[in-house]
Amino acid sequence: MGIVPQFGFFFSRFLAQYAWMACPKTDLTMRGWLECEPAAVFVDVEYSVDSLVSHIHPESLATFIRKVIPLDTVKMAPVQVHAVVLSAFASIIAPFGGFFASGFKRAFKIKDFGDSIPGHGGLTDRMDCQ
Numbered sequence: 005m006g007i008v009p010q011f012g013f014f015f016s017r018f019l020a021q022y023a024w025m026a027c028p029k030t031d032l033t034m035r036g037w038l039e040c041e042p043a044a045v046f047v048d049v050e051y052s053v054d055s056l057v058s059h060i061h062p063e064s065l066a067t068f069i070r071k072v073i074p075l076d077t078v079k080m081a082p083v084q085v086h087a088v089v090l091s092a093f094a095s096i097i098a099p100f101g102g103f104f105a106s107g108f109k110r111a112f113k114i115k116d117f118g119d120s121i122p123g124h125g126g127l128t129d130r131m132d133c134q
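Mapping of the sequence shown onto the numbering used here: position 113 corresponds to residue 117, and the numbering continues sequentially without gaps.
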């Protein structure tokens, strides 16, 4: 698992503990304290490790995961699963933005998108490498 999905897993847990991230706002004011009952997606749920890995094939991978996680149950919020899926998707798709920018420059015979950084192109050229 790459670093971006791991970051998504732990950072979503960190953000879910704050009411300002988990409670819906009905207006755009910042007055007063926000208090609400968080939605179910932000509340910890206890999952059985066996039920989580029972659908994984090949069986050797499921056995490996059972050895790595020596617990019978794990406790996490459903938003953490959503964060891992979205961050994994973004990690896979993100490089194609750079490929598109390079192809766009090549098609129009443009070396750099700008000259704000001498010898390195513009700010966009630096960002499409990220």
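By construction, these hints were calculated from the structure, which means they are not laboratory data.
Don't take each hint at face value.
Stated by the list, open to error - Listed next, with one range per pair, are the computed distances between beta-carbon atoms: (1) L19 <-> H59: 41 to 51 Å; (2) T33 <-> V78: 14 to 24 Å; (3) Y22 <-> A105: 13 to 23 Å; (4) L65 <-> W24: 13 to 23 Å.
Said to hold, decoys possible - The calculated SDA-like cross-link candidates involving lysine to any residue, where the alpha carbons are at most 20 Å apart (straight line), are: (5) K79 <-> K29; (6) K79 <-> F14; (7) K115 <-> G101; (8) K115 <-> A105; (9) K79 <-> P99; (10) K79 <-> G101; (11) K109 <-> P99; (12) K79 <-> Y51; (13) K71 <-> P82; (14) K79 <-> M34; (15) K79 <-> K109; (16) K79 <-> V57; (17) K29 <-> Q10; (18) K29 <-> L19; (19) K71 <-> S58; (20) K79 <-> R110; (21) K79 <-> F11; (22) K79 <-> A105; (23) K29 <-> F14; (24) K29 <-> F11; (25) K115 <-> A44; (26) K29 <-> A44.
Where a beta carbon is used, it is the ideal one built from N, C-alpha and C, also for glycine.
- Message: Would the hint linking K109 and P99 be met if the CA-CA limit is 20 Å?
- Response: holds (16 Å)
- Within 41 to 51 Å or not, the Cβ separation of L19 and H59? Because 28 Å falls outside the window, the suggested range is violated.
- Query: Is K29 within 20 Å of L19, Cα to Cα?
  - Reply: holds (16 Å)
- Pairwise hint evaluation, Y51 against K79, where the allowed Cα distance is 20 Å at most: holds (6 Å)
- Query: Can the restraint linking K79 and R110 be considered satisfied, given a maximum Cα separation of 20 Å?
  - Reply: violated (49 Å)
- Within 20 Å, alpha carbon to alpha carbon, are K79 and G101? With Cα atoms ~36 Å apart, K79 and G101 exceed 20 Å; violated.
- Evaluate the given range 14 to 24 Å for the C-beta pair formed by T33 and V78. violated (38 Å)
- Holds or violated: are the alpha carbons of K79 and F14 at most 20 Å from each other? holds (13 Å)
- Query: Does the Cβ pair L65, W24 satisfy 13 to 23 Å?
  - Reply: This hint is violated: roughly 39 Å between Cβ atoms.
- Between K79 and A105, does the CA-CA distance stay at or below 20 Å? Measuring from Cα to Cα gives roughly 42 Å; hence the hint is violated.
- Distance restraint between K79 and F11, which requires alpha-carbon spacing of 20 Å or less: holds (17 Å)
- Restraint status (C-alpha distance of K115 to A44 at most 20 Å): This hinted pair is violated, its Cα atoms lying about 50 Å apart.
Of the numbered hints given earlier, the model fails hints 1, 2, 3, 4, 5, 9, 10, 13, 14, 15, 17, 20, 22, 23, 24, 25; all others are met.
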